[in-house]
Amino acid sequence: MSLLHPDRLFPADSTTREIARSLFETVENLGIVSPHGHTDPVWWGENPAFENPAALLVQPDHYVLRMLVSQGVSYAALGIGPGAESDPRNVWRTFASHYHLFRGTPSRLWFDHALSEVFGIEKRLSPETADESYDAIAAALATDAFRPRNLYDRFNIEVIATTDSALDDLSQHHKASESWSGRVVPTYRPDAVIDPEFEGFADNLDLLGEITGCDTGTWNGYLEAHRARRAYFIKMGATATDHGHPTARTADLTPSDASGLFDRVRRGTCRAEDAELFRAQMLTELARMSCEDGLVMQLHAGVHRNHNTAVFKTIGRDRGFDIPTQGSFVEELKPLLNAVGMDPRLRLILFTLDEDTYTRELAPLAGVWPCLRLGPPWWFHDSFEGMRRFRQMATETAGFANTVGFNDDTRALLSIPARHDVARRVDCAFLAELVTSHRLDEDEAFALAPQLASGLARAAYNL
Amino acid sequence: MSLLHPDRLFPADSTTREIARSLFETVENLGIVSPHGHTDPVWWGENPAFENPAALLVQPDHYVLRMLVSQGVSYAALGIGPGAESDPRNVWRTFASHYHLFRGTPSRLWFDHALSEVFGIEKRLSPETADESYDAIAAALATDAFRPRNLYDRFNIEVIATTDSALDDLSQHHKASESWSGRVVPTYRPDAVIDPEFEGFADNLDLLGEITGCDTGTWNGYLEAHRARRAYFIKMGATATDHGHPTARTADLTPSDASGLFDRVRRGTCRAEDAELFRAQMLTELARMSCEDGLVMQLHAGVHRNHNTAVFKTIGRDRGFDIPTQGSFVEELKPLLNAVGMDPRLRLILFTLDEDTYTRELAPLAGVWPCLRLGPPWWFHDSFEGMRRFRQMATETAGFANTVGFNDDTRALLSIPARHDVARRVDCAFLAELVTSHRLDEDEAFALAPQLASGLARAAYNL
Amino acid sequence: MSLLHPDRLFPADSTTREIARSLFETVENLGIVSPHGHTDPVWWGENPAFENPAALLVQPDHYVLRMLVSQGVSYAALGIGPGAESDPRNVWRTFASHYHLFRGTPSRLWFDHALSEVFGIEKRLSPETADESYDAIAAALATDAFRPRNLYDRFNIEVIATTDSALDDLSQHHKASESWSGRVVPTYRPDAVIDPEFEGFADNLDLLGEITGCDTGTWNGYLEAHRARRAYFIKMGATATDHGHPTARTADLTPSDASGLFDRVRRGTCRAEDAELFRAQMLTELARMSCEDGLVMQLHAGVHRNHNTAVFKTIGRDRGFDIPTQGSFVEELKPLLNAVGMDPRLRLILFTLDEDTYTRELAPLAGVWPCLRLGPPWWFHDSFEGMRRFRQMATETAGFANTVGFNDDTRALLSIPARHDVARRVDCAFLAELVTSHRLDEDEAFALAPQLASGLARAAYNL
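Line by line, the protein sequences give chains G, R and F. With the first letter of the first sequence counted as 1, position 108 gets the number 108 in my numbering; the numbers rise by one all the way through. Basically my numbering = 1-based index in the second sequence + 1000. Basically my numbering = 1-based index in the third sequence + 2000.
Honestly, I wouldn't trust all of these hints.
Stated by the list, open to error - Distance ranges between label pairs, derived from CB positions:
| hint | chain 1 | residue 1 | chain 2 | residue 2 | range |
| --- | --- | --- | --- | --- | --- |
| 1 | R | His-1005 | F | Asp-2443 | 34 to 42 Å |
| 2 | F | Asp-2206 | G | Asp-274 | 46 to 54 Å |
| 3 | G | Phe-312 | F | Ala-2084 | 54 to 62 Å |
As the list claims (entries may be wrong) - Think about it this way: if two alpha-carbon atoms lie no more than 20 Å apart in a straight line, the pair counts; the simulated SDA-like pairs of lysine to any residue are:
| hint | chain 1 | residue 1 | chain 2 | residue 2 |
| --- | --- | --- | --- | --- |
| 4 | F | Lys-2313 | R | Lys-1123 |
| 5 | G | Lys-123 | F | His-2438 |
| 6 | R | Lys-1123 | G | Glu-444 |
| 7 | F | Lys-2313 | F | Glu-2158 |
I should point out that these hints are in silico values taken from the structure, not numbers from a laboratory. What you are looking at is a predicted structure, and each value in this text was computed from that prediction instead of being measured. Glycine included, C-beta positions come from ideal geometry on N, C-alpha and C.
With the hints as extra help, turn the sequences into a complete structure.
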C-alpha cells in the first residue's frame, strides 16, 4: 500500500474526477517554476549533504514546530533552544509519536509525499515505524543522490528563486552559476534597510553605503544605493523584489517631505508613525524603481511576528509564533497606485493572510489596476481548502489571468514537489468543476491547466 | 453545439442535479420581476434602436471594461476618452481578442447567454469569430425586433424598476406609460440632494426647491421637498427608494440638532464628519417618511468610488475603478432601528459588498428586526459562487423569508435574462442540495423555488 | 413517513455517503458529553414536570422568537410581555402557522428531531397539525417519562454542565447529587462580579464578600473571594469557568496598577475604558487562578447584547436581539498569553461569532499556544453550514486535537439530542470527505469520529 493515492485531492463525483484526472495528466510532469521561496543559497552554491532526518525535516519547519508546541511538546524535546535534546533520533521519535496531530493538515500531505516519493517509504509514520524511517532517511542522506543539486534535478525544477537581504553579496548564487547548470535566481528583499524598526537599521544603512559607495546619509544617496543593489541583483539573475511589511500602507510624499522623513528616520529619532510612513513611502519609491529596471514587486503584508515574547527572546524568529492580522488594502495602496499604477512597466503581486480581503478588496483591485496581480494563497492558506477558497473567491472578479500561478514559499526543500503537486491537483479539480457545471468548456480547461501549473508564474515573474 | 448547456450551474451529483432540473422547470419561464436596476428610461420612453454592438455590449459595461483594463487594454482602444478608437468594429475586435480573460467570470456567462439566446449565435467569441458576430449583431440591431420595448416583451419582463435622481422629471416614464403597456417604475434616489459631498450639492438643493416650491433653505422645507418629490415618484409608479452611502451609519438627532446640522450643511461650511452625520440623520428621516408613504427603502453601502483619480478626471465615473470597503452595520444601523425599526410599515433592504457581514451582522440583524430584509448578492457577488455563498451563509440565521429574491441591478439590458437565469439556477441548485441532504422536504423546495425566482421580489417591493 | 431521514446531513456522493454512514454508526449511540450549556438546575434538583408545549418549546427559545418577530409576529402573540396571549395553545398555533419560516434553519432540524424522537410525532408541524401535536405533547409532558431526569437517561447523557453565577449557592446541584445518580456539574460564570458595567455590580461585590467572608473592598480580598468561590464550585463538581465579555481584550498590569484600577471600579466612578481594562485584567487574573486550581477557562467574546432598547426595557434579555460584532484576538489576548500562555496547567477555550477570525486568528493562535483550544461553532454557527465551515477553515492550521468537540450550549433540553446528532453527522461527513479525497486514511477517520463526538470534550473539560 502506498502513502499516496493517485486520485488524491480530486472531486468525489466520478465525472468530475475523470476530468480532473485528465487535466492533471497534462501538467503532472511539467517542470517546476518556483518564483518565490526560501531555500538556503548554500545548498545551491556548495551542494552539501543534509545532516540528519530531524535537522532536515523537523527542526527548521515552523509548521511542524507550531503544531507540536500547541500540544505541549517543548522546543527542548525537539532539539531547539536551552536544554535541547542532542540526539536527532530522539527528536525524530518525538515527532513520530505525535504524527497523528497532523491529520487533516497540509504538513501531513507534504510529509507523506516526501516519505513516499523522495525516500520510497510507504509506511505511515508512527512510534512503531519511527526508527525504521529514521534509518532509511539517514542512509539516503549520506548518498550523493540526496544532495541539493541532485534533488533539484530529480524534482524537475526549471528555475527556483531564493529570498535575499539587500545586503547579501550573493556569493552562493555566484558559486552555483559558476559550477552548475541549475537556475537559481536571487530576490531583492530590502526590509532590513527599509524598515526603521528592523534590528540594526542604522548599521544596516551604513553597510549599504559601504557596499554601494553611495552616501546613505542622504535621501538621494540612499535611493541611489537601492538602485545600485538592484542592478547587482539583476546582474545575478534576479527578476523580482519582495517586501514583508506589517501593513500594505503606501504613501506618495513630495520629495522634500520624503527627504525630511528620511532624515528623522536616519537619525533614529523617529516615532512608530514615522516608521510606518517611511515604509509606506518606500513602497512607492521602489515601485518607481521597478518601472525603470523591470523588477517585479511582491508585497507580503499583515503578520504579527513573534507573538510569544519569551520564545522570541530565548529561541528566536520563525518558530511558529507568527500570527496573521486584519488586512486592508483599498486606502493603503491608493497613493502608490495613483502614482504609478497605470504604468505598463510595473507589476505588483499582492499576498494576504486575511482571506476576507479576497472578494472584498484584492480581486476587485487586481481586476482593474493593470499593475496588480494576486499571489497564490499564502502560508496558512497554502493548502487544499485554502487554495479552493482562493479560486472560488477570486476567480469571478479577477479571472485567472490576474493570478500568478503557484509559489511554494518554502525553506523545506523536500516539500517542494509535494506543494506543487497539491496546487496542481487543486487547480485541476477546480477547473474540472467549472467544466462539469458548464461554466467553462473542456478545451479551455486544458488551455488553462498548464498556465496555472507554471505558465502564469513564468510570465508574471519574467522567468 | 450550443454556447449554453441545459444543465449549466446544476450540481454534479446526478440525484441532486435531477432535483435541481425539476425545480428549475417550474421557474424557468416565470416572468421577470426586476425591482432594482439601471436601464436607461429613454429606452422605455422612446424605444430607440441600439447603435452598434460595441456601444451596446462593451463600452457601457463596467465589468467588461475593468477586466480589459486590468490586462493592459487602454480605454482609448475601447473607444472611450482621449484618443478614442472611432470604429466600433475595432472595439469589438479588441474585446473578442481578449475574450479568454473572462473564463470563469459571470461576464462570460451573461455574454454567452446574450449571444445564444438573444442573437442566435452559437460560436464562442474569438478573434476568428469577431467579424461574423459583429455583423450578425449589427444586422439584428437594425431591426425593430431588437428595440428595447420588443426586448422587454421577448424577455418576458413583468415589471422593471429604473433608478432616478430625486431631481429627475420622469418624463421618459411618462412617455412610456402614455404609449406602451410595459410596466416601468421609477425609484427615488436622492443621493444628490442628501450627500453634502455630492458635486453641486448646494445647486441641487436650490433646484429641489424650485421643482417642489418648498423652501429648501430650511430644515422643515427641505424635508417637505422630499415628501413632495416622493409623492410625485409614487404617482409615477415608484414603490421604492434607493440610497448609495459610503457607510451604513444612521443617526437620530433631536429636531433642533438636526436643524442646526442642516444649516451648516446648507451653508456649505460643513466638515467631513458633519457630512457623514447628515447622511446618517437623513436615513432615519427617510425611514420615517417610508412609514408614512409606504416606499420601500434600499441601502447600498460600502463602496470606495473612483479609486483611480486620473481615470475619474479624464474619463469619468463607472469605468471599473469602484472598490468595496469593509462593512459594518450593527452600531451603524442602531439609531434608525431603535427609532422606527419595529414599525410594521417600514421595510429596509440591505446590500453589502463585504461578505464577512453576511453571517456576522446581516443575517442576525435581518433575522430579528421586522423591518429588515437582505438584498441579494450585490455587484461583484452577482455570480454563481457569490450567490451560493450568500445562501449558505445567510439562510440558517435569516431563513428564506427575510431575503428578497433577485435584483439584476444592471444597465446592460441584454444581460437581464441571463442574470435571472443564473440566479434561478443557483437557487434551484441550493434547494436541491437541501433536499438531498434532507434539510428540506421536496414539496417545500417546490414551494420555495417560485418565491426565490420572483415571488419574494414582488412582495418585498410591493410590486 | 418519518420526519427524520436516516441519511440526513450526509454527503450526496454515494461513496462518501457510505463512509459517513459507517463512521456515524460507531458514534451514534455514544453517551452525550455536554460540557457547556444553560439547562435550568431546578430541572435536575427538583425534577418538575414541564408546564405545556409552548412554555417548553416556543417561549424560552430565542432562535424561535427572533425568527417569528422578524416576520412581524408580536411578542404578545407569543405569550410574552405586555398584553401577552394567555392560552398556550394559541401560542402554539401561532408557531405552527409560521413553521415554514424555519425552512433551511437549524431550528427546523432540532424541532423535527424532538417531535419525532422525543414525542413520536411524524407529521410536519403546520396549521393543520397544530392541535394534534399540541395535544400529544401536552399528554406526554403530564407523564413521569417526560420529567427532566428521565429525559436525561433517555437522551443517554453522561454528564451535563450548567452555567451558574458566581453568587449562586448551587443548592439545586446539591439536591440533584443527593437524590439522583445523574451527573450535573456547575460552571463558574463570574460576569456579574467582574464586569463593572453589569447591573448591580457594587451590590454583587458586597454579596460576594458576604458569601465568602472576604473583604471585597480590597483588591486582594476580592481576588481571594474568587478563589473561595471557585473552590466551592470545584467541590460541587465544576471543572470549568465561563466568561462572556464584549471583547477578548486582556491586560497584565502591575499589582499596584491593578489595585488602583480596582479601587476606581469599586467606587463606581470608573469610565468605560476603565471597565474594559478591568475585565481585561481579570481575564489574566482568572487564568492565573486556573493554573492553580485547574478550572478550564472558556471565553465567549463579541456580542452586542440587547440591540433593541425598547424590547430590552419592556421584555428583557435573551429575546433574540443579541447581534455579533467584529472579532479580534491577536493583540487582545497577547498580554494574557505572554503572562501564562506557556503554563501547561492552563487551558483556555475560545469561542467567536465572527467566522472571519477562524482562519485569520483563531486557528493560527490555537495552532501554536499550548494553552489554547478552539470551542465549536457558537450560537448562530451551531448549524450544518456553520460546522462545515469551521472544520474546513480551522482544521488545516489547528488540526483536530486543538478543537474540543461539541457544546450544545442550550437551555432547550429537548434539542440536546438533536444538536449532538447534527454535530456528529456533520463531523462524520467531513471525515468521510477527507477519506474520499485521500487526505486521511479510513482507519484514522474511525479513530477520530468518537473523539469528535465526545472524547475531545471529555478530555478538554477534564470530565
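The hints, checked one at a time:
For the pair His-1005(R) and Asp-2443(F), the beta carbons lie near 41 Å from each other, so the given range of 34 to 42 Å is met. Judged by the Cβ atoms, the range 46 to 54 Å given for Asp-2206(F) and Asp-274(G) holds: they are separated by roughly 50 Å. Between Phe-312(G) and Ala-2084(F), the C-beta spacing of about 60 Å keeps the proposed range 54 to 62 Å intact. Proximity of Lys-2313(F) to Lys-1123(R) is assessed by CA-CA distance (about 65 Å); at most 20 Å being required, the pair is judged violated.
Between Lys-123(G) and His-2438(F) the CA atoms are separated by roughly 15 Å; this keeps the pair inside 20 Å, and the hint holds. This hinted pair checks out: Lys-1123(R) and Glu-444(G) have alpha carbons roughly 14 Å apart, not beyond 20 Å. Of the supplied pair hints, the one linking Lys-2313(F) and Glu-2158(F) is violated, its CA atoms being roughly 39 Å apart against a limit of 20 Å.
In the structure shown, a violation is registered for the earlier hints numbered 4 and 7, in ascending order.
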